[in-house]
Amino acid sequence: MIRKIASVSCFALGLLLFVVGASAHHGGAAYDGSQTITVTGEVTKFEFINPHVLIYIAVTDESGKVVEWSGELTTPIRLARMDSGGAEKWSKDILQPGDEITLSGNPARSGAPSLRLRKVIDSHGVALIGGTN
Amino acid sequence: MLQRETMLIGALVTALMLSSSLFAQTDEHGDDLSGVWTNFAIEASRPFQNSALRGDPPPMTAWAQERYAQAKPTFGSKSVAVVETNDPVYDCFRPGTPRIYLHPFPMEIIQTPGRVLMLFEYDHTVRQIYTDGREHRTDLAPMWMGDATGHWEGETLVVETVNFNDKTWIDREGVPHSDQLRVFERIRLDEDDNLLIDITIEDPVAFTESWTGQRRYRRVDWNIEEFACMDNVVFAEYEQEILNYDPNATQ
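From first to last, the protein sequence lines are chains Z and V. Heads up, the first sequence is in the numbering used here, so the first residue is 69 and it goes up one at a time. Heads up, the second sequence is in the numbering used here, so the first residue is 975 and it goes up one at a time.
Every clue listed holds true.
Computed, partial: chain V to chain Z, Cβ under 10 angstroms: (1) Glu1199; (2) Cys1203; (3) Leu1217.
Since the hints were derived computationally from the structure, they do not count as laboratory data. A virtual CB, placed ideally from N, CA and C, is assigned to each residue, including glycine.
Chain Z on its own, in the form it takes in the complex:
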């Protein structure tokens, strides 16, 4: 069954101000750079780890089914150094389980609910990376 995610929307990749840098480290062949998907949900897990930071959120679809999406960022030290265009200073405590956040990024080519992140918006509407809205 192909999932439908209520809060998914697609945009053409183009006017992104910041390149997050996951591809700088590892290459990004697993993701489709021509698409951007946005999902909103509660943080279930936040791993501020090498080589890439991972954010997991629980997203509820139209039918009420909960799907866990994961998002991949660059290395924690790059984020902590503000070397990736981040509006906030990243740390291992910047996100907590239960925070309602929005993730935008390039989807996995396999169809897995996983993103190479381009934008992260926290529970206060602040773009932690990737722009101001």
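Please build the complex by placing chain V on the supplied structure of chain Z, with the hints as guidance.
Only chain V this time, still in chain Z's reference frame:
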């Protein structure tokens, strides 16, 4: 007569020792390159700054083309997903020289008498560039990062690195090299206090002619932090899950 010749030879030997001694002193001159540096791409190289020294493949011999065809890099025109790569760096072997410059992490230069150290954040890789006038070692096995010696020409640190094994790639796009690789670098500050590294690659087994690349770095007020390559190996499990995902499977 014999005594005069002996004295003359003695004088010549003394002069040679003096000039050698003077050379050893000037060897330590040059700009202070010490500090932490991060990549500051030259405009023309932005599209490939994290994966190659040049925008097109270098002029490869048939020997190199055969190996290039077998390479499965994660960058460049023939990139594959991480789980499908045969890039030796993903097995945590040293990246080699000059490839270490292509990994997007800072490096620190520490100048000491007789030796310039490059401490790379990426897997804490270290290059030791001996500037005390020594020759390259020939008694050790070929190395991942090569054996580097250098000297100062004015404000420029001139480095020659040899004695490589043939197991690393020149870049992150799968271009190979042989154990005959010689890497020449001219390292200096520009007028804006950026670090410029001119790189010349010579390898008659792999390339039909020598070729060049350039890197630029800017100073940053950072410390070199930890980045352990083995974390990549663990992370591969996450990437494998993404790649193997079956969208038709019910959960």
